[in-house]
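Novice: As a plain string of letters, each chain reads:
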Amino acid sequence: MELYSPHPNPPAPPPPAIPVGNHSRGSPYPHRERGFQCLILVGLVSLLIFSQRKIRSLYTLPFPHFQELVLGPEGLQDVVTILAGFRSVAADVAWVQLLQNTSSGGPLEENAQGTFLTLKKDTLRVTRIDPYFREAYLFSAGILAWFQHVNRPEEALDILREGIRNNPNDWVFRSYVGAIVYKRKEDFGKVASLLEDAVRQPDCPGLVKAILANTYKKTGQYRKALNLWESILDDPRNSDYHARAREQIRELEGSFNRRY
Amino acid sequence: MNTITLQGVTKRYRRAHLGRVRETLGVSSLSLEVKAGEVFGLLGLNGSGKTTTIKLILGLHAPNAGTVEVLGKPMPDLDVLGKIGYLPEGAYINRYLSGREAVALFATLSGVPPARRGRAVDEVLEKVGMARAASRRISEYSKGMLQRISLAQALVHDPEILILDEPITGLDPLAMREVRALILWLKGRGKTVFFSSHDISEVEKVSDRIGILAGGRLARLVEPSEWRGREGRLEEIFASTVTRSEDIGPIRFQP
Amino acid sequence: MKAISAIIGYTLKQHLRHRMYLTVGLFGLVLLGGSLVVSSLAAEEQVRMLLDLGLAGTELLALLAIVFVMVNLILEEIDSRSITLILAHPVRRSEYILGRFLGTFLSIAMGMAAMAVLHVGVLMLAGWSPRWIYAIAWASSLGKVAVVGSLALLLSLFSTSAASSMTFTIFFWILGHFSEELRFLGEKAGNGLVKALIWMIGEITPNFSYYNIRDFWAAPLQPPPAWFGWMAAYTLAYVGVCLFLSNFLFSQKEF
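Protein chains in written order, with my numbering: chain A, 175 to 434; chain B, 45 to 299; chain C, -11 to 243.
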């Protein structure tokens, strides 16, 4: 059935078909325009490839590969966070978990109970994610080497060696190594002089300052111990040790008064 | 000279879904010409190809066969688009803009110079009766207000050609009268107006020539002598020219 | 240029007026507040953690926002048909794509800048001294956001559903952070085909690890200044290729 009346004037034969999607917006030179577009694409792709090569040749990303990560029960958490592009956050979360595992509810002291059996593994978990997380190396090495109920200097040295490998320009790690070696030999004078250099660094952990203050006290250098505890009290970063600092300052000032 | 020329234009739409390809005919071997300064009305049932024809004229769709020329240039052409004012069927304007911002945007896109733009926007908003509501967001407008803003953007750059897709659909009688007056005003200023509708009574009041689309083809071209002065004649021509597609049956409620 | 500026302008207005923008902004504030609380658990490394969480939070919010917005950017305009009216004006499709992309990217960049200002304020209250490397890390995040955004736009035009586009974009985001590791595994692979496949994936996917300046700004060996220049070139090239391909796909569509 015809749906419509035939057109009174027969239509002219249709000209050749225009390809669908030809939205060149009326250019009089479509071939030239297409050629120009191809040129732009080739240029962009070339720049992409060339710049990628230059980026790789100028700098290698300084991270261990995934196979070197210490993957425990929180391994999935670490991998997912790294794959999402938040490596430093993954290291921070691992650090907080390390602190929670070592925490006794207050500032850590050399005579703290607890053997911190997983401390080396927890530390390596942090440093394999972020090899430049300085505090992690120094904090853990301090506990492992100096805490009376821990006393595992070999583990401390393993951590510090990894720190030196990843941070070769950071001499503080070498100072710590030296201090641990002298501690073994019970040469506390040498220990103190090595730790003094480390303590002068603005980001030195409060734990290490406390260790040095106790070393001064052990070797009878009470004035130095007092000054160091006062500097701990003045440093807002070492707030965990402020109560201990006040206590030590009272004790040391008391002993000065008795003497003089 | 012909302002708009379609010659042997065919447009098919292909839709592929799960391996099945379905082809729908938009328009087929469509040939028509619109002269400069003419008001051309395109009549047809729903789905007859009116909007497809308009999109082909604007260069929004590319024909599978045939040529589409406006002002002697094949479409799409950026210069020509700057001389066209398009009023779509619905008010397709970003609802986060205010009325004034929307009209100013289209004024900019149409090439109204910055020095003249502010004044042109104010004038056209005044003319469409939206000067006071212009600072409100599009999302807050009623249907009638949206239509007015849509009209404003079509007129702000004083185009040579107006293309109106079903401009009176959904309007109240007062608004319909205003649109009719607008078309006649545009004609009086020498503009070419091409509009589509399925309201026969409105089309016959303003058009110089009328095309009847059926099944994607130009079934009939009606000269004014065929309907002017003869009430109901255009409706008879229309009814005798078109039949519904096989997919839709008639509404049968008779006393 | 004027068309691109006009499109950037209306895109910016659309995003800044969208309720989602305010919601994301408020969520950003909550994130910053949360990071203050969480960082207190880090003992003496509170400032470090505050720095990391703030930068990561800003980047995560920006990435999620740009994926969601870019994927829906063109699709929403197609659905609402407002794209029909835009393209019925003298606007090149490339101008439209570029304008919409830049407008969206700018709106996200503004949000990131606002968060950075707040973040630096919080850090300074915690005793941190501003360093230039922070600005470089922030700019690097912005570069990553640009690349992900351009990928999202390309995938939205390639795919037919917003959900699949978002999924693929997030897949590329993760693959981009894994590409360095993939390269390492590829070097160890014995099979030539596997090697070639991995090489190809490595070339196509952007290497996002290089954008994470925060992760290696404490490393003993730092990249030379020229490296940052090449990173900028790489970002521009990658975004350029994605936008070029997006324009190609977009020009094939009819509305």
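Derived from the structure by calculation, the hints contain no laboratory data. It is possible that part of the hints are untrue.
Unchecked claim - Covered, in the sense of this in silico footprint (three residues per stretch, anywhere, with C-beta under 8 Å from a C-beta of chain C), are these stretches of chain A:
id: 1; segment: 211 to 220
id: 2; segment: 267 to 276
id: 3; segment: 342 to 348
Note that CB positions come from ideal geometry on N, CA and C, so glycine has one too.
Novice: So, for every hint listed, does it hold in this structure?
Specialist: Status of the hints after comparison with the structure:
1. For the segment 211 to 220 of chain A, the stated coverage by chain C is satisfied: 5 residues place a CB nearer than 8 Å to a CB of that chain, which reaches the threshold of 3.
2. As drawn, the segment 267 to 276 of chain A meets chain C at 4 residues by the rule of a beta-carbon pair under 8 Å; at three or more, the given contact holds.
3. With 3 residues having a Cβ less than 8 Å from any Cβ of chain C, the segment 342 to 348 of chain A passes the three-residue criterion, so the hint holds.
Going down the numbered hints, you'll see the structure goes against none, and every one checks out.
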